[in-house]
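Same order as they appear, the protein sequences are chains A and B. Residue numbering for the first sequence follows our numbering, beginning at 1 and increasing consecutively. Residue numbering for the second sequence follows our numbering, beginning at 1001 and increasing consecutively.
Watch out, some of these pointers could steer you wrong.
[As the list claims (entries may be wrong)] Some but not every residue of chain A turned toward chain B, in silico, with C-beta under 7 Å: (1) 50; (2) 52; (3) 55; (4) 81; (5) 142; (6) 205.
[As the list claims (entries may be wrong)] Sample of chain B residues at the chain A side, in silico, Cβ under 8 Å: (7) 1013; (8) 1019; (9) 1039; (10) 1067; (11) 1069; (12) 1071; (13) 1073; (14) 1075; (15) 1086; (16) 1088; (17) 1098; (18) 1099; (19) 1155; (20) 1166.
[As the list claims (entries may be wrong)] A short list of chain A residues far from chain B (calculated; beta carbon distances all over 12 Å): (21) 12; (22) 38; (23) 92; (24) 97; (25) 104; (26) 106; (27) 108; (28) 110.
Worth flagging that the hints you see were computed from the coordinates, not collected in a lab. The structure displayed is predicted, hence computed values, not measured ones. Where is the CB? At the ideal position from N, CA and C, for every residue including glycine.
As a plain string of letters, each chain reads:
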Amino acid sequence: METQKDRQHRFSLPRLHMVSNSPEHRYPANELPGLVREITSRIPAVIQLREKHLAAKSIYDLAMAVRGSIADSRSLLIINERFDITLSAGADGTHFPGNSCPLEKARNVARDPVMGKSVHSLQDALTAESEGADYLVAGPVYETPLKRQYGPPLGPELLETICSNVSVPVYAIGGITPKNARQCLEQGAHGIAALSIFRSEANLCDTLESFNRVLKQCS
Amino acid sequence: MLMTSPLFCCITAETSCPVQQAEKALEGGATMIQLRRKLASGSELYTWTEKIQKLCRRHDAVCIVNDRVDIALAAKADGVHLGQEDLPLEAARKLLGNQRIIGVTVSTVTEAKRAERQGCSYAGLGHIFPTVSKKKSSEPVGLKRIREISAFLTVPILAIGGIGTDNVCEVISAGADGIAVISAVSEAADPVKAAAELLKTMQTCSRNP
């Protein structure tokens, strides 16, 4: 069976990870393909489709539309939780939230796609890696109103602890801006993940440019 | 695992532990359990499905999961039940293969024809009578729709919506192959007895008298 390492060779994970939606900053799903085209034409990105308020058929339809709007072959389309939709829509992988179906059980029936997991502690991270996660999303690193339900922020120190104790790539999430992204990368994060920062279309170009600069400097 | 006759599906209600609900329904004679918990996490659904699947095996019944093809695959359930807003049937069939059960909710002749063409294992037809278990914006389809659809459909019809001991024979004689219930069993004072009585009544009904 293919290991995490084998898959890492097959998929190189982009360092920017955009999570598509949140109940607090909701925008119409039909704006997403355009937004994804904008982002992926400028920088390779993981696009995580996370539309918890939509029924499965709508997520499937949206996944097909977004897949068609990804502008470069280095970007990946990841579906939140529903690996059935990942397989059906031909997406690249699945992201498992903290309270998801066990990743290792999903792996038994979906061998190929990338699988990532949200983690909120070192213990979470070690468990997720041993279950076969290909990457982790660790957070919240900084204070953010959207992530308060997950407890106090990890802070850069705990992010560093997580990154140095696992061998799979780690994305930092939670209050990430182009300004503090450098700190996360210096702590060993492979990349950064964010939700609402990609919304303000007026600044999208600048935001991406800033991230791009930081990512290039910290490679 | 095949569906066994008579088709008597108990769907879990949103309240109380679904595993306990399944246990009682099976004890009363349910031949199919549908795990339906719209607000539960994937982790909970996975755990419940594994447990209900084991219980079903012990009772020669089948376990299907509402909407979540992912959970059915991971927990190796016998199948899924899909509404019209869920993953398209053809996509689900590809993932689950030809052996597993895929039920589809239909309320019109067109939906029933399409579901059969695309490979459903049974059609869940409803809601037949007014019901309290699910909030419905549409009118009940009535017994007439069972007659219309049973005239051409080759896969079994599972009637759902407001069915109890008082009217189960009406739906069977109209052409339904079985029934699905939520509150009639799970919210009864004695769910085991309620399920047993429904089953017993259903077995006395004559089809197409």
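Review point. Regarding the hint that residue 1013 of chain B lies at the interface with chain A, is the smallest CB-CB distance below 8 Å?
Key: violated (20 Å)
**Study point:** Hint check: 8 Å Cβ-Cβ cutoff, residue 1155 of chain B to chain A
**Key:** For residue 1155 of chain B, the interface hint is violated, since the closest Cβ of chain A sits about 21 Å away, which is over 8 Å.
Exercise for review: Evaluate the condition: distance from the CB of residue 106 of chain A to the nearest CB of chain B exceeds 12 Å.
Suggested key: Non-interface label fails for residue 106 of chain A: nearest chain B Cβ at 5 Å, not farther than 12 Å.
Check your understanding: Any CB of chain A closer than 8 Å to the CB of residue 1067 of chain B?
Key -> Interface hint status for residue 1067 of chain B: holds (6 Å vs cutoff 8 Å).
**Study point:** Closest C-beta approach of residue 1039 of chain B to chain A relative to 8 Å, hint status
**Key:** Because about 11 Å separates residue 1039 of chain B from the closest Cβ in chain A, which is outside the 8 Å limit, the hint is violated.
Check your understanding: Was the hint right that residue 142 of chain A lines chain B, CB cutoff 7 Å?
Key -> Cβ of residue 142 of chain A sits 26 Å from chain B, so the hint is violated.
Point to revise | Cut-off 8 Å, beta-carbon criterion: hint that residue 1071 of chain B touches chain A | key: It holds, given that the least Cβ distance between residue 1071 of chain B and chain A is near 6 Å, below 8 Å.
Point to revise | Status of residue 12 of chain A, Cβ more than 12 Å from any chain B Cβ | key: holds (26 Å)
Review point. Per the stated criterion, does the least C-beta distance between residue 108 of chain A and chain B lie above 12 Å, as a non-interface residue requires?
Key: violated (7 Å)
Check your understanding: Given residue 1019 of chain B was flagged as interface, is its beta-carbon under 8 Å from a beta-carbon of chain A?
Key -> Because about 17 Å separates residue 1019 of chain B from the closest Cβ in chain A, which is outside the 8 Å limit, the hint is violated.
Check your understanding: For the hint on residue 1099 of chain B, does the least C-beta distance to chain A fall short of 8 Å?
Key -> violated (14 Å)
Point to revise | Interface hint for residue 1073 of chain B, Cβ within 8 Å of any Cβ on chain A | key: holds (5 Å)
Consistency with the previously given hints fails for numbers 1, 2, 5, 6, 7, 8, 9, 17, 18, 19, 20, 24, 25, 26, 27 and 28, ordered from lowest to highest.
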